[in-house]
Amino acid sequence: MIEVSNLSKSYGTKPAVSGVSFRVQQGDILGFLGPNGAGKSTTMKMITGFLQPSSGTAKVGGIDVAVDPVGVKRQVGYLPESAPAYGEMTVLEFLEFIAESRGFRGADRKAPVERALRLTHLITVQHQTIETLSKGFKQRVGFAQALLHDPDVLILDEPTDGLDPNQKNEVRALIKELAQEKAVVLSTHILEEVEAICTRIILISEGKVVVDETPAEFQARQPGARLDEIFASLTKSDV
Amino acid sequence: MTHVIPVFKREFLGYFRSPVAYVFLVVFLMAAVGLAFFLGRFFDAGQATLESFFVFHPWLFLFLIPAAGMRLWSEEKRTGTIELLFTLPLTTLEAVVSKYLAAWAFLCVAIALTFPMALTVGYLGDPDWGIILTSYMGSMLMAGSYLGVCSLMSALTKNQVISFVLSVIVCLILLFLGWSVFNELLEAYLPQFLADVLANFSFITHFEPFTKGIIDPSDVVFFLSLTGFTLFLNVVALER
Ligand SMILES: Nc1ncnc2c1ncn2[C@@H]1O[C@H](COP(=O)(O)OP(=O)(O)OP(=O)(O)O)[C@@H](O)[C@H]1O
Ligand SMILES: [Mg+2]
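Residue numbers (numbering that gives the first Met the number 0), protein chains in the order written: chain A, 0 to 238; chain B, 0 to 239.
Don't take every hint at face value.
[Claimed, not checked] To give a feel for the contact side, a few chain A residues facing chain B, derived at Cβ under 7 Å:
| # | residue |
| --- | --- |
| 1 | T47 |
| 2 | L50 |
| 3 | K72 |
| 4 | R73 |
| 5 | Y77 |
| 6 | P79 |
| 7 | T89 |
| 8 | F103 |
[What the hints assert, rightly or not] Here are the simulated DMTMM-like cross-link-like pairs (lysine to aspartate or glutamate), alpha carbons at most 25 Å apart as the crow flies:
| # | chain 1 | residue 1 | chain 2 | residue 2 |
| --- | --- | --- | --- | --- |
| 9 | B | K76 | A | E130 |
| 10 | A | K175 | A | E212 |
| 11 | B | K157 | A | D107 |
| 12 | A | K58 | B | E50 |
| 13 | B | K76 | A | D67 |
| 14 | B | K76 | A | E92 |
| 15 | A | K137 | A | E113 |
| 16 | B | K157 | A | E80 |
| 17 | B | K8 | A | D149 |
| 18 | A | K207 | A | E180 |
| 19 | A | K134 | B | E74 |
| 20 | A | K58 | A | E205 |
| 21 | B | K76 | A | D107 |
| 22 | B | K76 | A | E80 |
| 23 | B | K8 | B | E238 |
| 24 | B | K8 | A | E87 |
| 25 | B | K8 | A | E205 |
| 26 | A | K13 | B | E93 |
| 27 | A | K167 | A | D149 |
| 28 | B | K8 | B | E74 |
| 29 | B | K8 | A | D211 |
| 30 | A | K175 | A | E130 |
| 31 | B | K76 | A | E113 |
| 32 | B | K8 | A | E212 |
| 33 | A | K137 | B | E183 |
| 34 | B | K8 | A | D160 |
| 35 | A | K58 | B | E74 |
| 36 | B | K157 | A | E87 |
[Said to hold, decoys possible] Below, a sample of chain B positions facing chain A; criterion: calculated Cβ distance under 10 Å:
| # | residue |
| --- | --- |
| 37 | P5 |
| 38 | L12 |
| 39 | S17 |
| 40 | T78 |
Derived by calculation from the structure, the hints in this document are not laboratory data.
All C-beta atoms, glycine included, are put in the ideal place defined by N, C-alpha and C.
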């Protein structure tokens, strides 16, 4: 469902992502790992059509994002890093705006908005303005916004960032459940999260894919070692 | 283009969700009326016209429209909501147009709220309502062009202060080109035709006929094409 080939992006002369390629099928949950500044968010921004790649292509559902960006955006639910939202709106107003922008007009908005509120446990704060919410709740608003239109592809940049342990588990369970008929890409710094839900790991470092394998294969690199030890041995170049 | 509606609605109502809109409206009305009364000697003139009110609009807009327009794109960039907006299924042009139209509608509300001025004149005397109507039209058109410049400037930076300053500078240039004092200066140093060409790019030159009751198509075309051009550059600046 997602096909990324040779994707590169430079800011000025500084390369952020260089020659990243991978595929994600329906049912896959791809865990994006890598040290800070590795290029995870940049890669996601290019797949969602927010950033234009310097070279290479990204296709979602067979549509090249450079050719038909709106066609790609229709199929994708995207949670940007740190979950930006219009702070002066209430949660309900915000989700209704997203629903309307995604083509649910008038009374049609009700069902998807309610579903999103229910799945992310936001019903109790639906009339509160977003800027007055705590960080975890803001994060949930971002998640609600991403899954509102029940997209075929979910791209989640650090979806559990700022959530309490209960919510982390909830969100992981939800992602796992949703993923059955979707393709999911998520980035995270929590290695247990990858172990718990991901069907595949991609580790990038300095803009390049270092590892692309299943969690079991990743663990098998150093049997008995903790995941963070394996992570450290693969990325220690920038220490 | 139906994608324009949700963003337009969000943006327009957004003004009223924060105190900024109310502060802006109060300042706008006070400044508009205050200039007419104190600088324009609105009552002393003893005439039933709004000329001394409209004559200040180009100057009033010079500061107030950059104040209203500076956050247009800068704010989206600063808070990161631009990433949300541009991953919704709409084109850059649709986003630019809908945000622009919402801000313009808000400015039109501000301008329309000065209508008690017209009613006062109507109560005290017997004004030419045709001229008042064309003056309002001209003012709203001109506001649209100012806003086009401000929208473009705010797309260039995530800093609202920089966006404000850039907008004032560009609008000031577009304003000065037609200011009589400045024009005489130009004519003294430049050949007549060049001075005329430059003056032709000014807000004042194209606004004045409206305040005299004249709707010259070339003035309408000037404001609309300036707006269109700035919005085109706005799209280019955001897609870069
Ligand atoms: N707007 C920008 N201008 C210049 N450089 C940028 C910009 N955005 C990102 N970069 C650079 O691109 C590189 C990759 O950044 P990116 O945000 O993709 O990292 P990341 O893997 O998501 O990191 P993190 O784990 O901290 O979220 C970094 O070196 C960063 O400094
Ligand atoms: Mg990141």
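Evaluation of the provided hints:
For the restraint placing A/T47 at the interface with chain B, the shortest Cβ-Cβ distance is roughly 5 Å, inside the 7 Å limit, so the hint holds. Interface restraint check: A/L50 against chain B, minimum CB-CB distance 9 Å, threshold 7 Å, status violated. Interface hint at A/K72: satisfied, since its Cβ lies 4 Å from the closest Cβ of chain B, which is below the 7 Å cut-off. Restraint check, A/R73 versus chain B: the minimum CB separation of about 4 Å is within 7 Å; hint holds.
Using the Cβ-Cβ criterion of 7 Å, the hint placing A/Y77 at the interface with chain B is satisfied: the shortest such distance is roughly 5 Å. Contact between A/P79 and chain B, as hinted, is supported at the beta carbon level, the nearest pair being about 4 Å apart and thus within 7 Å. For A/T89, the interface hint is violated, the least distance from its beta-carbon to any beta-carbon of chain B being 9 Å, above 7 Å. The beta carbon of A/F103 is not positioned within 7 Å of any beta carbon in chain B (closest approach about 10 Å), and the interface hint is therefore violated.
The straight-line distance between the Cα atoms of B/K76 and A/E130 is roughly 17 Å, inside the 25 Å bound, and the hint therefore holds. With a C-alpha separation of about 18 Å, the suggested pairing of A/K175 with A/E212 holds against the 25 Å cut-off. Between B/K157 and A/D107, the direct Cα distance comes to roughly 36 Å. Violation of the 25 Å bound is thereby established for this hinted pair. In summary, the hint linking A/K58 to B/E50 is not supported, as the alpha carbons are separated by about 60 Å, beyond the 25 Å threshold.
Under the criterion of a C-alpha separation no larger than 25 Å, the hint pairing B/K76 with A/D67 is consistent with the structure, at around 23 Å. A C-alpha spacing of about 21 Å is found between B/K76 and A/E92, which places the hinted pair at or below 25 Å, so the restraint holds. Proximity of A/K137 to A/E113 is assessed by CA-CA distance (about 17 Å); at most 25 Å being required, the pair is judged to hold. About 18 Å separates the Cα atoms of B/K157 and A/E80, which keeps this hinted pair within 25 Å; it holds.
The suggested pairing of B/K8 with A/D149 holds, with an alpha-carbon distance near 24 Å, which does not exceed 25 Å. For the hint pairing A/K207 with A/E180, the CA-to-CA distance comes to about 29 Å; that exceeds 25 Å, so the pair is violated. Proposed proximity of A/K134 and B/E74 is supported: the alpha carbons are some 20 Å apart, at most 25 Å. Between A/K58 and A/E205, the direct Cα distance comes to roughly 23 Å. Compliance with the 25 Å bound is thereby established for this hinted pair.
Pair hint B/K76 plus A/D107 does not hold up; C-alpha atoms about 31 Å apart against a cutoff of 25 Å. Annotation: proposed proximity of B/K76 to A/E80 holds, straight-line Cα distance about 14 Å (limit 25 Å). Taking the CA atoms of B/K8 and B/E238, the gap is near 23 Å; set against the 25 Å cutoff, the hint holds. Distance restraint check for B/K8 and A/E87: the Cα-Cα separation of roughly 14 Å lies within the 25 Å cut-off, and the hinted pair is therefore satisfied.
Between the alpha carbons of B/K8 and A/E205 the distance comes to roughly 42 Å, so the proposed pair goes past 25 Å and is violated. Taking the CA atoms of A/K13 and B/E93, the gap is about 32 Å. The hint is violated against a cut of 25 Å. In summary, the hint linking A/K167 to A/D149 is supported, as the alpha carbons are separated by about 20 Å, within the 25 Å threshold. Our distance criterion of 25 Å between C-alpha atoms is met by B/K8 and B/E74, whose separation comes to about 17 Å.
Using a Cα cut-off of 25 Å, the hinted pair B/K8 and A/D211 is violated, with the two alpha carbons roughly 44 Å apart. Taking the CA atoms of A/K175 and A/E130, the gap is near 29 Å; set against the 25 Å cutoff, the hint is violated. With a C-alpha separation of about 29 Å, the suggested pair B/K76 and A/E113 falls outside the 25 Å cut-off, and the hint is violated. For the proposed pair B/K8 and A/E212, the alpha carbon gap of about 46 Å is over 25 Å, so the pair is violated.
Of the supplied pair hints, the one linking A/K137 and B/E183 is violated, its CA atoms being roughly 58 Å apart against a limit of 25 Å. Distance hint between B/K8 and A/D160 is unfulfilled; the C-alpha atoms sit about 31 Å from each other, more than 25 Å. Our distance criterion of 25 Å between C-alpha atoms is broken by A/K58 and B/E74, whose separation comes to about 30 Å. This hinted pair checks out: B/K157 and A/E87 have alpha carbons roughly 19 Å apart, not beyond 25 Å.
Evaluation of the B/P5 hint against chain A yields a held restraint, the C-beta minimum of about 4 Å falling below 10 Å. A least Cβ separation of about 8 Å between B/L12 and chain A falls short of the 10 Å threshold, and the interface hint therefore holds. Interface hint at B/S17: satisfied, since its Cβ lies 5 Å from the closest Cβ of chain A, which is below the 10 Å cut-off. A hinted interface residue such as B/T78 counts as satisfied when its beta carbon comes closer than 10 Å to some beta carbon of chain A; here the least separation is about 6 Å, so the hint holds.
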